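Visitor: Below, each chain spelled out in residue letters.
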Amino acid sequence: MLRLGVYVTMRWLIVLMIVFATLVSSRVFHIIFPTTPVYIICGIIAAYNLVFVGQARSLQAGEVGQVIKRAQTSGNIQIILDLLVLTALMHYAGGIENPFIFFYLAHTIAASILLPQRSAYALATLAVLIITLLVLLEFYGVVPHVNLQGFVLDNRYNDPSRVVGVLVALATLIYGCTYVITAVSGELRRRQKEMVRLKDQLLEKRAMELEQASGEIAKLEDERRRFSRFLGVVAHDLQSPLVATQSFISYILDGYAGKITDGQRDLLERGVRRIDGLLTLITDLLDIPRIETGQIAREMREITLNEVVKRSLEGLDNLAQQKELTLKVELPEHPIKINGASRRLQQVITNLVSNAINYTNEGRVLVRVAENEKDARVEVIDSGIGILPEDLPRLFNDFFRGSNVGSKGTGLGLSISKRIVEAHGGKIWAESPDPETKKGSRFSFTIPKKPMAEPQEKRE
Amino acid sequence: MKPKPKILVIDDDVDLVAVMKGTLESKSYDVIVAYNGKEGLEKAKKEKPDLILLDIMMPVMDGFNFAEQFGKEPSLSKIAVLALTSFSDSLGQPFPFQVAEYLRKPLKPKELIAKVEEHLKRKGL
Numbered sequence: 001m002l003r004l005g006v007y008v009t010m011r012w013l014i015v016l017m018i019v020f021a022t023l024v025s026s027r028v029f030h031i032i033f034p035t036t037p038v039y040i041i042c043g044i045i046a047a048y049n050l051v052f053v054g055q056a057r058s059l060q061a062g063e064v065g066q067v068i069k070r071a072q073t074s075g076n077i078q079i080i081l082d083l084l085v086l087t088a089l090m091h092y093a094g095g096i097e098n099p100f101i102f103f104y105l106a107h108t109i110a111a112s113i114l115l116p117q118r119s120a121y122a123l124a125t126l127a128v129l130i131i132t133l134l135v136l137l138e139f140y141g142v143v144p145h146v147n148l149q150g151f152v153l154d155n156r157y158n159d160p161s162r163v164v165g166v167l168v169a170l171a172t173l174i175y176g177c178t179y180v181i182t183a184v185s186g187e188l189r190r191r192q193k194e195m196v197r198l199k200d201q202l203l204e205k206r207a208m209e210l211e212q213a214s215g216e217i218a219k220l221e222d223e224r225r226r227f228s229r230f231l232g233v234v235a236h237d238l239q240s241p242l243v244a245t246q247s248f249i250s251y252i253l254d255g256y257a258g259k260i261t262d263g264q265r266d267l268l269e270r271g272v273r274r275i276d277g278l279l280t281l282i283t284d285l286l287d288i289p290r291i292e293t294g295q296i297a298r299e300m301r302e303i304t305l306n307e308v309v310k311r312s313l314e315g316l317d318n319l320a321q322q323k324e325l326t327l328k329v330e331l332p333e334h335p336i337k338i339n340g341a342s343r344r345l346q347q348v349i350t351n352l353v354s355n356a357i358n359y360t361n362e363g364r365v366l367v368r369v370a371e372n373e374k375d376a377r378v379e380v381i382d383s384g385i386g387i388l389p390e391d392l393p394r395l396f397n398d399f400f401r402g403s404n405v406g407s408k409g410t411g412l413g414l415s416i417s418k419r420i421v422e423a424h425g426g427k428i429w430a431e432s433p434d435p436e437t438k439k440g441s442r443f444s445f446t447i448p449k450k451p452m453a454e455p456q457e458k459r460e
Numbered sequence: 461m462k463p464k465p466k467i468l469v470i471d472d473d474v475d476l477v478a479v480m481k482g483t484l485e486s487k488s489y490d491v492i493v494a495y496n497g498k499e500g501l502e503k504a505k506k507e508k509p510d511l512i513l514l515d516i517m518m519p520v521m522d523g524f525n526f527a528e529q530f531g532k533e534p535s536l537s538k539i540a541v542l543a544l545t546s547f548s549d550s551l552g553q554p555f556p557f558q559v560a561e562y563l564r565k566p567l568k569p570k571e572l573i574a575k576v577e578e579h580l581k582r583k584g585l
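Just so you know, the sequences run in chain order D and L.
At position 421 of the first sequence the residue is numbered 421 (the numbering used here), and the sequence of numbers has no breaks.
Position in the second sequence (from 1) plus 460 gives the number in the numbering used here.
Note that these hints are calculated values from the structure, not bench results.
It cannot be assumed that every hint is accurate.
[As the list claims (entries may be wrong)] Taking lysine-lysine pairs in the BS3-like style, the calculated list, with each CA pair at most 27 Å apart, reads:
(1) L:K481 x D:K259
(2) L:K506 x L:K581
(3) L:K505 x L:K575
(4) L:K575 x L:K466
(5) L:K532 x L:K466
(6) L:K568 x L:K532
(7) D:K259 x L:K575
(8) D:K323 x L:K568
(9) L:K498 x L:K538
(10) L:K508 x D:K259
(11) L:K508 x L:K575
(12) D:K259 x D:K337
(13) L:K506 x L:K575
(14) L:K570 x L:K532
(15) L:K568 x D:K259
(16) D:K449 x D:K439
(17) L:K532 x L:K487
(18) L:K570 x D:K259
Quantities reported herein were computed from a predicted structural model and do not represent experimental measurements.
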């Protein structure tokens with residue numbers, strides 16, 4: 001399209017140049033030849049050039065493939081037309097004796113750039129044949145020769161050696177140019193084609209991969225949903241009978257089934273506690289696959305950490321008071337906004353604080369919230385029994401229980417907390433003794449303040 | 461004499477329903493029972509209870525679906541609904557209907573009676 005536009009422009013220049021050359025040669029140098037047909041031919045060139053301008057405009061609005069095909073046809077028509085018009089022009093301007101006969105060369109070069117190699121050679125041959133035909137017709141007098149009087153000697157066109165020499169030179173030149181041009185432009189075209197092919201191939205491959213991936217995602221999502229439903233049923237069926245049993249026992253304990261002795265009460269209360277432990281274990285065990293199948297990412301919202309901490313500590317006051325401990329909270333005055341699953345972060349804080357209370361017999365438990373540019377940080381510091389150095393690295397493992405604490409809890413609380421924090425893109429760690437007070441222990445975790453791009457990548 | 465307050469218990473746990481029924485009847489409430497949400501909705505429309513004890517996790521029609529259907533019935537709008545659940549999970553979910561209060565299972569009988577009395581008193585019964 002762009003290249004065809006260049007030809008149109010070139011054609012305007014050539015028309016102007018021919019008119020100028022004709023004017024100069026006839027008026028200034030007084031060379032005598034029929035100028036009227038030359039002007040008419042110029043008019044014809046201008047006329048069909050105008051048609052091509054219009055065509056080029058209308059070509060722009062259309063489908064890409066179609067446009068290319070139509071532009072090609074238009075280009076071929078232009079080339080042939082130009083050749084014929086050039087020959088007519090040459091005839092009226094003195095035929096072979098006009099030095100402008102080398103315009104065929106310019107035409108061939110210009111056309112060869114546009115054409116594929118074979119068409120370029122066909123065109124070169126056509127050009128040579130048409131010139132030869134013109135020269136032969138004039139040589140044998142079939143077509144009257146126009147003599148450029150005042151420019152060359154008479155009968156130059158009638159000298160066979162001269163005619164043949166010029167023709168051969170011209171033909172060689174035309175073919176030489178065609179060869180150079182097509183070699184260069186052919187290579188360029190090949191590269192372009194290869195590039196388009198590679199691009200298409202790449203796009204096709206990309207599309208196929210995308211389709212495959214989205215199919216797999218849908219399948220995984222489906223599996224996850226089924227698994228999550230399965231977990232729901234498991235939770236219900238495991239917990240319901242235990243909850244019902246606890247209710248029944250509490251009816252007995254509350255005296256709805258008659259008076260009970262202190263011995264019976266003690267046994268029943270032990271039973272209730274054991275069931276409590278089992279219910280916690282079931283909840284914890286079911287929490288792990290829920291967190292690992294990306295529940296947290298789905299629950300993430302913009303939340304205020306200060307609120308989460310406050311809510312986590314509701315109910316823990318009582319527990320601290322029972323053990324005569326001080327539960328202190330240090331919150332920054334301004335709200336800390338994070339992207340997180342509120343209920344799950346509450347679970348982490350509740351877990352850390354209730355652990356701290358459980359393993360502290362006197363003194364205080366301090367919950368401190370701080371932040372830097374990147375992270376929000378929660379610290380739970382106690383003055384309790386501390387953690388043995390050999391236990392520190394295993395603290396967050398599944399089913400780990402401290403060697404100095406007896407067998408409280410399921411041993412899953414900290415490992416679940418670790419999963420929750422890491423699913424938020426944060427870190428959790430423990431220090432014992434607390435580096436500031438030199439006693440008890442300190443549990444800290446961080447949550448990034450910026451929204452996480454891929455929060456689930458951080459799983460173990 | 462005032463008519464006895466009528467309580468509808470909806471829970472799929474047969475044993476639990478039996479115990480709750482016994483406890484409430486001992487406090488001279490009129491107790492009707494249903495074992496899933498669908499049955500519960502039918503009984504609620506027919507019997508017009510003063511209060512409903514609703515379990516959340518049930519087969520056939522769970523508590524959420526029940527509450528959704530229930531909310532569409534203007535004739536039932538005056539009934540207080542107490543939701544019972546053993547899972548912290550369900551507590552976070554938004555309920556599609558005005559539930560007067562969530563009660564966490566296991567529920568001790570004293571707590572149950574206290575809650576029932578509290579909510580009936582609010583209605584002036």
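Visitor: Against this structure, judge whether each hint is valid.
Guide: Evaluation of the provided hints:
1. L:K481 x D:K259: holds (20 Å)
2. L:K506 x L:K581: holds (23 Å)
3. L:K505 x L:K575: holds (23 Å)
4. L:K575 x L:K466: holds (15 Å)
5. L:K532 x L:K466: Measuring from Cα to Cα gives roughly 21 Å; hence the hint holds.
6. L:K568 x L:K532: Distance of about 32 Å is beyond 27 Å: violated.
7. D:K259 x L:K575: OK: K259 of chain D and K575 of chain L at ~24 Å, within 27 Å.
8. D:K323 x L:K568: Between K323 of chain D and K568 of chain L the Cα gap is close to 25 Å, so the pair holds against 27 Å.
9. L:K498 x L:K538: Within the cut-off at roughly 19 Å; holds.
10. L:K508 x D:K259: violated (36 Å)
11. L:K508 x L:K575: Satisfied, since the Cα-Cα distance of roughly 20 Å is no more than 27 Å.
12. D:K259 x D:K337: Violated, at roughly 55 Å.
13. L:K506 x L:K575: holds (24 Å)
14. L:K570 x L:K532: Violated, at roughly 33 Å.
15. L:K568 x D:K259: The hint holds at about 16 Å.
16. D:K449 x D:K439: violated (30 Å)
17. L:K532 x L:K487: violated (32 Å)
18. L:K570 x D:K259: holds (15 Å)
The earlier numbered hints that this structure contradicts are 6, 10, 12, 14, 16, 17.
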